[in-house]
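Visitor: Protein chains in written order, with the numbering used here: chain A, 1 to 250; chain B, 1 to 247; chain C, 1 to 247; chain D, 1 to 235; chain E, 1 to 235.
Quick caveat, the hints were computed from the structure, so don't treat them as lab data. Take these hints with a grain of salt, some might be off.
Rough simulated footprint, nothing fancy, chain A against chain E, three-plus residues with beta-carbon under 8 Å [as the list claims (entries may be wrong)]:
1. 85-91
2. 181-192
3. 195-201
No experiment lies behind these values; they were computed from the predicted model shown. In this text, a Cβ means the ideal position worked out from N, Cα and C, and glycines have one as well.
Below, each chain spelled out in residue letters.
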Amino acid sequence: TAQSHITVQSTTSTQNSGLYEHLLPIFEEKTGIDVRVVAVGTGQALKNAGNCDGDMLITHARAAEEAFVAEGKGLARHTLMYNDFILVGPAADPASAAGDDILAALSAIAESEAPFASRADDSGTNKAELALWSEAGADPKAASGTWYLETGSGMGATLNLGTAQGAYVLTDRATWDTFANKSDFEILVEGDPKLFNQYGLIVVSPAACPATRIVEAETFAKWLLGPEGQDAIQAFAPNGKQLFFPNAAE
Amino acid sequence: MAERRVIPLSRPEPPNAEPGIAISGLHLSRSGRALLRGVSLTLGHTGITALLGPNGAGKSLLLRAIAGIIPPDAGEINLAPRLAHPALVFQKPVLLRRSARANLAHALKLAGVPRAARPARISDLLEQCDLTALAASPARSLSGGEQQRLAMARALAGDPALLLLDEPTASLDPKATAAIEAITLRAAGRGVKVILVTHDRAQAERLAGDVVFLHKGRAVEHAPAPRFFSTPASAEAQAYLEGRLIL
Amino acid sequence: MAERRVIPLSRPEPPNAEPGIAISGLHLSRSGRALLRGVSLTLGHTGITALLGPNGAGKSLLLRAIAGIIPPDAGEINLAPRLAHPALVFQKPVLLRRSARANLAHALKLAGVPRAARPARISDLLEQCDLTALAASPARSLSGGEQQRLAMARALAGDPALLLLDEPTASLDPKATAAIEAITLRAAGRGVKVILVTHDRAQAERLAGDVVFLHKGRAVEHAPAPRFFSTPASAEAQAYLEGRLIL
Amino acid sequence: MSAFREAIAEAAGLIVRADADFLEIVALSAQVTGLAVLIACAIGFPLGALLAVGRFRGRGALSLAVSAAMGLPPVVVGLVLYMLLSRAGPLGVLGLLYTPTAMVIAQVVLVTPIIAALTRQVVEDLDAEYSETLRALRATRAQAMGTLLWEARPALVTAALAGLGRAMAEVGAVMIVGGNIDHLTRVMTTAIALETSRGELALALALGIVLLVASLAINAALMGLRQRIGEPAHG
Amino acid sequence: MSAFREAIAEAAGLIVRADADFLEIVALSAQVTGLAVLIACAIGFPLGALLAVGRFRGRGALSLAVSAAMGLPPVVVGLVLYMLLSRAGPLGVLGLLYTPTAMVIAQVVLVTPIIAALTRQVVEDLDAEYSETLRALRATRAQAMGTLLWEARPALVTAALAGLGRAMAEVGAVMIVGGNIDHLTRVMTTAIALETSRGELALALALGIVLLVASLAINAALMGLRQRIGEPAHG
Ligand SMILES: Nc1ncnc2c1ncn2[C@@H]1O[C@H](COP(=O)(O)OP(=O)(O)OP(=O)(O)O)[C@@H](O)[C@H]1O
Ligand SMILES: Nc1ncnc2c1ncn2[C@@H]1O[C@H](COP(=O)(O)OP(=O)(O)OP(=O)(O)O)[C@@H](O)[C@H]1O
Ligand SMILES: [Mg+2]
Ligand SMILES: [Mg+2]
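Sequences are here, hints too, so could you generate the full structure?
Guide: In structure tokens form, the structure reads like this:
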């Protein structure tokens, strides 16, 4: 039984993958601190933490995270772990997007106007996707509602839509590997360095939010960023596949 | 308890020997109370039968059973084919939340009267029951007597061959009472069979050919009206007519 | 239209000269129809006043106005302080969906009778209205006459000094009618003021000290009962008593 | 509470500006909800009346099922429809998933039980009053149902309003079967959910306020109607 | 339709295994929903009766507001409560955000209008029948309300069931104010939403089936009650 607790505002991808169910029991066992995870979109997570409704943030939108710290709301941003984004789509691959070049794949999709489902929810994944589109020189938003489907929902919901409609989806690997409704979808593009996906950790500043349980939050942050936590992340491999790669030391 | 006497009707019977209404061994109970306890009766095809009896004797229940609204627990009710579709005027009429006219229109529709024929029929019914001036009034805002007259008009809408009237003049003024009695007599004159529940002895004497006296769920006596009122056979009927009650 | 005559009551008045009930210029309309058209009346503190008139004359409306249930459009109703809390028996009583006993218990509670005193009072009321055997029956399943008696018992629950009865015996058998009349007379004997609407001329003659005759929303005549029945002053009342109707 | 003030200003701005995107969302919401409630009434009124006065085997069970179905979780309804309508599903060929039609179907499924259950209660109560009279007038069961429904209309408006409330507020099911696709299946509630997940709370709240204003307007109109048709009842 | 078969098997498995986590979620759902509906009834019944028979300024407006509030979008309710209960909000010191209490509050806000609006309709209908009688018996307004509510109880059970249905199905608001925190604020509906976003459709559906079975059981119990208390009415 935990004496004290902290609240973590987190992205959905980490929760959906089951990472916390793996990490938290280990941490709680050791410290007796009860960690409560609220999984929402990155935008909402930052907003909630800005309202002092969380003691810690785990998100993956570097620019927004740095802005959060710059505004004095967070103590510091730490790199926690990474994985990568992947492009999934129907095995038939009507746009011939498969390969290891994400920009070429996106161009091919735009060219063939094959359906593509975008989260369009300002999440970290969505921001990464939009950056890739603009790097590929395409403006899919102009086709919104035709082949470019802006779902305005979470990763899982967007994947459900994608598999039902045969629409390509850019997703993070963790969510995809643990996603159960894959239908006939396959990973079409992976390994492109542009698909790197970094997760950051921020402890909410007690100066901005006096109610922050700073001691417990720091304890959890230290643990996650330290060897024990990093090892635990490393060890998380549902279905035998590692989903997150700890990189706090870097 | 006195034996039930079934005395043949005084009015002439139609050619066929079959009775108009034959009730045998009718039983009805509710929540453990026996309310009709073996009612057997034979009524003719025509004429006005008065159904008398103290409060709670089962008159309204019997009328509803004859109308086919409540199924008896035991026993049988046989109506001659021409009497198969009776109309019933309830003791406490329930009118629709519409105008008086719309209530009649509704009844005519249910009776299968073609739409085109309804307005004339409605006017006629309103006229008969002296409601013409109130045709557009919401039925539920009518006075007690007016509502009772509307219920009567509604029952007549289907042009029934059997008319079951449950205290139809209980809250009518003398003029309206006379009018309803006249309507009833006119209907009987056309061959309509009428069963009339009333607590008004004089009314029964004025209208009825025969009288059925119900007491505690039993048909205690059935006699031609003059005989019933002059020399009631059962002690219960004697007491009733004198305003006493035998328990 | 004949002039309204206001004739002083024949019964002895209590010491104070103030009238028991003073109604002046009472007007009431609904959906454009004038239903009470300037009713002015002065009634005593005690005694039984019969309120007669054809269907739709406005008797029930007047009773409800006296009971304070419907506010008049114009005019005034003044009740002497001791008559300030009248009880009303409606023409169509609305009973709660509970047992007969529970209906009385509810009325006693509303009348402020302490809980402990209720059972005895209920037994007494059931006894008076001959409903003891039906105490546990759901009120809404009672026969028409039984419901009317229960409504009477409920009105008596509050021990009112002014009793407004709207055709209380319309569907009662002779025995029950006699019983209710006896209760009414007993109450009047105790000093309760009673206003009784009835279409039963004989009943009015038996009970009433004075008669108010209402016609088309006007109090056309107010006279001691013997005089009213022997020599009605207005043409309308004459016609009413003879079963004719003047329009 | 500056957030609220901000939201109200934003809501006013949305209405005043009435930009095309916003109007598109409002229009689709109105279409989907309106159609769904109409269909739900068309099914729920007679179904409720049938449950109230019908005499057939399984009536009790059906009545219970309808009543329990008021608690159908929207996400589950959405899921089942998703499974049926998805390309891999048995009705996939219809191509209905992620169309307004699918959203209407989802709302009909959610709203019909509410309207039917409330109608059953209302008609049952009226039937207690009218059934003997209607039987004495020899009304067929269908005619009796028709008469009772007509007599019940003020209460049916309230039932429809309850259904409308549910339909207007519903997000879980339409999110799944509609997909909240911009310019295609985005309605007010899914837009609110989206803005919320974006952390745009003021904008989300503003949309909510617009929705509530619409709800108020519709309710005012229908309650006026209810009063008008209710009048003869007491008048 | 193997997905459905799978889901049903999964649901049966869940119930049979009844593992601790699952039971925890079910228990919390029952507590939150049960408490919310009780409170909503405690507010909604008298409020509805007051709207039906009360005579006070603003009654029409309040009645309209309650009726329109049936269409309160859960996400908006969740948002507003979030803003109030957030540590940055005016009630932040209470520390209620992300607790079951906050979820109960959210459901009360959503369910009370439904119960109040339906109660108003029912009591209004009864009042048309009883008002003169009660006035003749000199009932105070409060006594009249009490009597009418008591007479209305079979219909009130239906109103409560409609509210219960909404509460059991609700996810948007409890997701925002509860946070769907494992072992703390995770209830059936938020668990279903989570499993859906994980693509675990069969498991989500299984949870939905469990929820429906619970709903059926509660409805059966309450409809039995409704019948029993309704009996004297027609008996
Ligand atoms: N559903 C019921 N449950 C229990 N008792 C009932 C029911 N219906 C009727 N009764 C009882 O059956 C008896 C007969 O009722 P009925 O209405 O036939 O009487 P009635 O002869 O018409 O009396 P009245 O002259 O007062 O109208 C009454 O005592 C009544 O209380
Ligand atoms: N709410 C209303 N709207 C319209 N007309 C009404 C309303 N209430 C009563 N009336 C009319 O007022 C007139 C008087 O009604 P009231 O009930 O007082 O008559 P009454 O004298 O008691 O008649 P009865 O002997 O038939 O009971 C009737 O013609 C009736 O139709
Ligand atoms: Mg009777
Ligand atoms: Mg009257």
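Visitor: Which hint numbers doesn't this structure obey?
Guide: none
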